[in-house]
Structures are given as structure tokens and as C-alpha cells.
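Now for the letters of each chain:
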Amino acid sequence: SITDEGELSTVCYRPEGLDSLVQQTKFSKKELQVLYRGFKNECPSGVVNEDAFKSIYSKFFPQGDSSMYAHFLFEAFDTTNNGLVSFEDFAVSLSIILRGSITDKLNWAFNLYDLNKDGCITKEEMTDIMQSIYNMMGKHTYPSMRVSAPKEHVDCFFQKMDKNQDGVVTIEEFLETCQKDENIMHSMHLFDNVI
Amino acid sequence: MAAGVAAWLPFARAAAIGWMPVANLPMPVAPTEKNKRQDELIVLNVSGRRFQTWRNTLDRYPDTLLGSSEKEFFYNEDTKEYFFDRDPDVFRSVLNFYRTGKLHYPRYECISSYDEELAFFGIVPEIIGDCCYEEYKDRKRENAERLMDDQEDNKDAKLPNMTFRETMWRAFENPHTSTMALVFYYVTGFFIAVSVMTNVVETVPCGSSPNMKEVPCGERYTVAFFCMDTACVMIFTVEYLMRLFAAPNRYRFMRSVMSIIDVVAILPYYIGLVMTDNEDVSGAFVTLRVFRVFRIFKFSRHSQGLRILGYTLKSCASELGFLLFSLTMAIIIFATVMFYAEKGSTSSKFTSIPASFWYTIVTMTTLG
Chain A
25 SITDEGELST VCYRPEGLDS LVQQTKFSKK ELQVLYRGFK NECPSGVVNE DAFKSIYSKF
85 FPQGDSSMYA HFLFEAFDTT NNGLVSFEDF AVSLSIILRG SITDKLNWAF NLYDLNKDGC
145 ITKEEMTDIM QSIYNMMGKH TYPSMRVSAP KEHVDCFFQK MDKNQDGVVT IEEFLETCQK
205 DENIMHSMHL FDNVI
Chain E
4 MAAGVAAWLP FARAAAIGWM PVANLPMPVA PTEKNKRQDE LIVLNVSGRR FQTWRNTLDR
64 YPDTLLGSSE KEFFYNEDTK EYFFDRDPDV FRSVLNFYRT GKLHYPRYEC ISSYDEELAF
124 FGIVPEIIGD CCYEEYKDRK RENAERLMDD QEDNKDAKLP NMTFRETMWR AFENPHTSTM
184 ALVFYYVTGF FIAVSVMTNV VETVPCGSSP NMKEVPCGER YTVAFFCMDT ACVMIFTVEY
244 LMRLFAAPNR YRFMRSVMSI IDVVAILPYY IGLVMTDNED VSGAFVTLRV FRVFRIFKFS
304 RHSQGLRILG YTLKSCASEL GFLLFSLTMA IIIFATVMFY AEKGSTSSKF TSIPASFWYT
364 IVTMTTLG
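Heads up: the sequence lines are chains A and E, in that order.
Each residue of the first sequence is one higher than the last, beginning at 25 in this note's numbering.
Each residue of the second sequence is one higher than the last, beginning at 4 in this note's numbering.
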């Protein structure tokens, strides 16, 4: 972490051995090496804090304001809830997203949407997420989005997912609906050849 | 995109999981890299010193020699390495650029050799990091000035098709171009010296006649000194007019420091001619004669060292200005304090704050 005066703290976090990480994740040794080299290059202290996360993300999505989405992502990555993402957290989450089963991926996505981690997604949470995604796309999309587009999208989502119409989407409803939806299933296979 | 951030690409792609379940349409397939090589070490042999780096590191900057396929021209099949017949010391900076994304300029390195290496490896010098940019720019400027000086020295051959005006200007600016210029240079120098000497000698008390008190030489031999002064001023006027005629940009010439000094040096004489023997104005006229001493500054055309002194003062003008300002502040503060401290006392010399300025200045400059 960086103190107020801008001095670099002497926190240096080292991940556990390569072998235990290979067991925890579905990456091979070489892949973990490549990942770690990139990670260490950008974050020599061994941990990422939220600001670094946001700045990295903003470099990939320069047109819009990706800070909100990066914040939600950070919360999802930070499994230990201490404000820092270590390489293990990073590798484990990436392993789930890129190499996990469809159920694992959907579970992870649900965890991302469930902002207060109480097991169900409310309309407000979904609106926040949707707004952050639309913010990230920026104002210069073609065709350009209406201001009310996020809200309509949320309504459409809830209509699809909320089977018992109780105003919240639980994990079972989410999994059930997604597994029946062909588009979503097809999209999930996108991750197969990343990395 | 910063080079190091490219390593986070899998993470950026993975973040797409966030909007996949909410997307209404199926997502397009991500592009796969065609020749997805496994990351491998490559050896760069630069004049015998071997550098090793990952291929991905070099691929970060594909518009440079090492990042593009241009390096294949230097590949040595027998030793399976890339051989470059260049300077290994400068290559360190070049390779560090790929590693860290920042190009540094080492101080001990010669600027032109550094530029050559950068040009060879296809790296634009403008991306030098802020930490080293000032140094690089300074050295480059010095080098450019040195080159310009060298070029001027080598201009022995007369440039073709120079008008008379241009020849004159060149002669004035650089006395070594022709004999006439050299003669002119020495003559004006001589007359400057004579003029300054006259001003000085004018005030020396000459031998007195038995019944009169000692008078300065200026009053004793008025006519002689006046003739001398006239001769000098005529030479200076002619010189100034000739320079004005020859100057390529007359307006700029008139604004330059040297021409202002010239004008100030000869003006008192003309004003003296024009003015009548009016008592009131003659006081001012005497003051004007002080300005004749400015003729000594005309020597700066003849002396490189004096000009360098002038440049030095100009370049640290802001620091000197600040010094003056802080001294003024201190003087005002202390003068005020002294005035109010001594206010009670009746025989105090500090009758007002400006009156206490003198005391403050004299004390602060430790004159006493």
C-alpha cells in the first residue's frame, strides 16, 4: 500500500510455491510462470490494490469510465476482503473464469453481481452493475445508447431470470435460466482459448 | 498501451464474464493469435556481449528493429543468436527500454553516439523518460551549438552572390573574414580605448600655474579634449550608421543590446551640442556625461569573455531578481522596525521609514 506521503511501503508479498498453485488452479506450470511474470512486472510489491486495478483496467477500456466496473471486479477478486488482491487470488479467479466448468463460471458471475454477497441479486444491485457496464462502453458506441438503456436492460434481465417474481434473483434461478439459454452457453465457450 | 499491461490481457478478456449473462446476443469469438509461440528466450549478441531476453519482451514494440521481423536479418544460424555489431554499453539502455517501457539517457554517454544507436534500432528519442529528458535536450543543444560554431569557422570561402550589404554585415560580425574587417575592428577598438582614457584623464588635476588652484585637465585644455571627443564620436557615429545600413533586419538590430549601448555612448555628445548654456539644464548635461563611460561596454563586441558574462547574467536573471526582491523585503521590514523602535526618542535620526532605509541597507551589506 502507498502511504499519504507517497512513500512506497515495504510490504512485499510472495505467493506460495509454484507447485501448490498448480494444484489449486487448472493452469499448467508454464502458464502460471507467464502470468506471474506479467503480474510482478506491473505490481512489484506482489499485491494489487484497488487503484492499480482501476488504472490497469482503464488502459484496456480508454473510451469509457471503467472505474465502477473495476471496483465490482476487484470486490469479486478479493476473496479475503482485505483490500488487496494477491497473486493466488488472481490466479485462482482466473482459473475459474477461463478453465472452470460452466457451472463454476456462472457461479463466479453470480458472485460478481451479488454486491453484498447475501446470496441473491436485487434490482438495485443489478442496476448498479448494468450502469457500470454501460459507463465502461462510453458515449461513443455505435449505435449510441439511450440514457434509459441500462434500466430497460435490467428489466429485461429480471423478466428473464426471476421465475417466481419475488423481485430478487437467487443462485438457483440464475443457474437454471442461464443453462437453458443457448446464447449464454455459447458465449461461455469464448474463454476456452484465452491465454 | 504500456508494455507491462499487455501481460494483463488474459485478465481483461476474463472480465468479460461480467457482461456475458446479461448480453442479449451471443458474444463474438475472441481473436486468437495466429503464431502463438510459447514464450522463449532469445539471445542477442552485441559485439561479443550476450544479452538474453524473452521474445515477448521485444515484441512489445513492433515498430522498432528488435520488435519486428527486421531482426531476422541479423540472425546467425550457426550460433542460433542475433548478432549486432554495435556498442554494447548503449545497447543496455536500448534493451532496458523494452523491459521497462522507459528510455533512459546515461550521462556518461556521448550524445551523438547515443543518437546513432537509437536511429539504428529504430527508436524515436522523443520517448525518453522525464527523468533523463532535460539532460538529453541540454546535451543535444550544446552539441548543435558546437556544430554551428565549427561550421562558422570553416566558412573561409566567400559565399557566391553576396550583395555589398551582406558582405559588410559579415565583415562587421566576424572580423576575420577579410583584412578590411580586421582593420576596422582594430581601429574601432583603439578609438574606444582612447575615448575611455580621455574621459578618465579629463578629471585628473593637471599641473597648475602658480597663482591658480589646481584644475582638472579637462578645464585646462578644453579645446584639445573637445577635439578628441568629437573625433571619437564621429568614428562611433559612422560605425553605427554603417552597421545600421548593413543589418539584414534593421528593426531587430536597433533593438539589440549592442546597438543600444552604441546609441547611449554617443548621445550625450549630441545632446551637449544641441543644448544651450542654460544654467538649469547644464546640471543635467553634466549628469549625461556619465553615460560616456558606457563606451567601455562597446568592448564586448571585441571580447568573447565579456559577452559570456552578459549571457550568464541574462540566464540567471530570475535568480538575481529574486535575490533583489528578498533583500528589498528584508530592508523594508527592518527599516520599519527601526523606525518604530526609535520613534520615542527625540534625537532620533530615523525621521521616517525611508530615512531608516539608508541605515538598514548600510548595515545589511555590512558596510557600517
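Treat the hints with care, since some could be wrong.
Stated by the list, open to error - Partial list, computed: chain A residues near chain E (C-beta under 10 Å):
| hint | residue |
| --- | --- |
| 1 | Cys36 |
| 2 | Tyr37 |
| 3 | Leu42 |
| 4 | Gln57 |
| 5 | Arg61 |
| 6 | Ser117 |
| 7 | Lys129 |
| 8 | Glu149 |
| 9 | Met154 |
| 10 | Ile157 |
| 11 | Met160 |
| 12 | Met185 |
What the hints assert, rightly or not - No farther apart than 20 Å at their CA atoms in a straight line, the calculated lysine to any residue pairs in the SDA-like style are these:
| hint | chain 1 | residue 1 | chain 2 | residue 2 |
| --- | --- | --- | --- | --- |
| 13 | A | Lys53 | E | Leu12 |
| 14 | A | Lys78 | E | Ser50 |
| 15 | A | Lys83 | E | Ser50 |
| 16 | E | Lys83 | E | Gly104 |
| 17 | A | Lys64 | E | Ala26 |
| 18 | A | Lys54 | E | Thr56 |
| 19 | E | Lys140 | E | Ala26 |
| 20 | A | Lys53 | E | Pro13 |
| 21 | A | Lys53 | E | Val25 |
| 22 | A | Lys50 | A | Gly143 |
| 23 | E | Lys83 | E | Gly125 |
| 24 | E | Lys83 | E | Trp57 |
| 25 | A | Lys187 | E | Lys105 |
| 26 | A | Lys54 | E | Leu12 |
| 27 | A | Lys163 | A | Thr151 |
| 28 | A | Lys54 | E | Val49 |
| 29 | E | Lys74 | E | Ala26 |
| 30 | A | Lys78 | E | Leu12 |
| 31 | A | Lys147 | E | Val25 |
| 32 | A | Lys204 | E | Ala26 |
| 33 | A | Lys83 | E | Thr103 |
| 34 | E | Lys105 | E | Thr67 |
| 35 | A | Lys50 | A | Asp113 |
| 36 | E | Lys83 | E | Ser50 |
| 37 | A | Lys54 | E | Thr233 |
| 38 | A | Lys64 | E | Arg63 |
| 39 | A | Lys187 | A | Gly143 |
| 40 | A | Lys83 | E | Ala26 |
Source of the hints: derived by calculation from the structure; they are not laboratory data.
Glycine included, C-beta positions come from ideal geometry on N, C-alpha and C.
Here is how each hint holds up against the structure:
1. The interface hint given for Cys36(A) is broken, as the beta carbon of that residue sits about 18 Å from the closest beta carbon of chain E, more than 10 Å.
2. Below 10 Å, beta-carbon pairs count as interface contacts, and Tyr37(A) has none with chain E, the closest being about 18 Å; its hint is therefore violated.
3. Interface hint at Leu42(A): violated, since its Cβ lies 16 Å from the closest Cβ of chain E, which is beyond the 10 Å cut-off.
4. A cut of 10 Å between beta carbons decides the hint on Gln57(A): the least distance to chain E is about 8 Å, and the hint holds.
5. At about 7 Å, the closest approach between the beta carbon of Arg61(A) and any beta carbon in chain E falls short of 10 Å, and the interface hint on this residue holds.
6. For the restraint placing Ser117(A) at the interface with chain E, the shortest Cβ-Cβ distance is roughly 8 Å, inside the 10 Å limit, so the hint holds.
7. The criterion of a C-beta within 10 Å of any C-beta in chain E is met by Lys129(A), whose closest approach is roughly 6 Å, and the hint holds.
8. The criterion of a C-beta within 10 Å of any C-beta in chain E is not met by Glu149(A), whose closest approach is roughly 12 Å, and the hint is violated.
9. Restraint check, Met154(A) versus chain E: the minimum CB separation of about 7 Å is within 10 Å; hint holds.
10. The beta carbon of Ile157(A) comes within 5 Å of a beta carbon in chain E, closer than 10 Å, and the hint placing it at the interface holds.
11. Of the supplied interface hints, the one on Met160(A) holds, with its beta-carbon coming within about 9 Å of a beta-carbon of chain E, less than 10 Å.
12. Interface hint status for Met185(A): upheld, as the beta-carbon distance to the closest one in chain E is roughly 9 Å, under 10 Å.
13. With a C-alpha separation of about 19 Å, the suggested pair Lys53(A) and Leu12(E) falls inside the 20 Å cut-off, and the hint holds.
14. Note on Lys78(A) and Ser50(E): the hinted pairing is violated, with a Cα-Cα distance of about 43 Å set against a maximum of 20 Å.
15. The straight-line distance between the Cα atoms of Lys83(A) and Ser50(E) is roughly 38 Å, outside the 20 Å bound, and the hint therefore fails.
16. Our distance criterion of 20 Å between C-alpha atoms is broken by Lys83(E) and Gly104(E), whose separation comes to about 27 Å.
17. Proximity of Lys64(A) to Ala26(E) is assessed by CA-CA distance (about 33 Å); at most 20 Å being required, the pair is judged violated.
18. Restraint check for Lys54(A) and Thr56(E): satisfied, since their Cα atoms lie roughly 16 Å apart, inside the 20 Å limit.
19. Between Lys140(E) and Ala26(E) the alpha-carbon distance is near 52 Å, which puts this suggested pair outside the 20 Å criterion.
20. As the CA atoms of Lys53(A) and Pro13(E) are separated by approximately 16 Å, the hinted pair is consistent with the 20 Å bound.
21. Between Lys53(A) and Val25(E) the alpha-carbon distance is near 34 Å, which puts this suggested pair outside the 20 Å criterion.
22. Among the hinted pairs, Lys50(A) with Gly143(A) is inconsistent with the structure: their alpha-carbon atoms are about 26 Å apart, more than 20 Å.
23. A hinted pair counts as satisfied when its Cα atoms are at most 20 Å apart, and Lys83(E) with Gly125(E) does not qualify at roughly 23 Å.
24. Of the pairs offered as hints, the one joining Lys83(E) and Trp57(E) holds, with about 15 Å between alpha carbons and a cut-off of 20 Å not exceeded.
25. For a cut-off of 20 Å, the pair hint linking Lys187(A) to Lys105(E) is broken: about 55 Å separates their Cα positions.
26. Distance restraint check for Lys54(A) and Leu12(E): the Cα-Cα separation of roughly 17 Å lies within the 20 Å cut-off, and the hinted pair is therefore satisfied.
27. Between Lys163(A) and Thr151(A) the CA atoms are separated by roughly 18 Å; this keeps the pair inside 20 Å, and the hint holds.
28. Taking the CA atoms of Lys54(A) and Val49(E), the gap is near 29 Å; set against the 20 Å cutoff, the hint is violated.
29. Restraint check for Lys74(E) and Ala26(E): the C-alpha separation of about 44 Å exceeds 20 Å, so the hint is violated.
30. At most 20 Å may separate the alpha-carbon atoms for a hinted pair to count; Lys78(A) and Leu12(E) meet this at roughly 14 Å.
31. Straight-line distance between C-alpha atoms of Lys147(A) and Val25(E) comes to about 13 Å, which keeps the hinted pair within the 20 Å bound.
32. Between Lys204(A) and Ala26(E) the alpha-carbon distance is near 14 Å, which keeps this suggested pair within the 20 Å criterion.
33. The suggested pairing of Lys83(A) with Thr103(E) holds, with an alpha-carbon distance near 17 Å, which does not exceed 20 Å.
34. In summary, the hint linking Lys105(E) to Thr67(E) is supported, as the alpha carbons are separated by about 14 Å, within the 20 Å threshold.
35. Among the hinted pairs, Lys50(A) with Asp113(A) is consistent with the structure: their alpha-carbon atoms are about 13 Å apart, no more than 20 Å.
36. Distance hint between Lys83(E) and Ser50(E) is fulfilled; the C-alpha atoms sit about 15 Å from each other, no more than 20 Å.
37. For the given pair, Lys54(A) sits about 94 Å from Thr233(E) by alpha-carbon distance, which is inconsistent with the 20 Å threshold.
38. Annotation: proposed proximity of Lys64(A) to Arg63(E) holds, straight-line Cα distance about 17 Å (limit 20 Å).
39. For the suggested pair Lys187(A) and Gly143(A), the alpha carbons sit about 16 Å apart, so the restraint of at most 20 Å is met.
40. This hinted pair does not check out: Lys83(A) and Ala26(E) have alpha carbons roughly 23 Å apart, beyond 20 Å.
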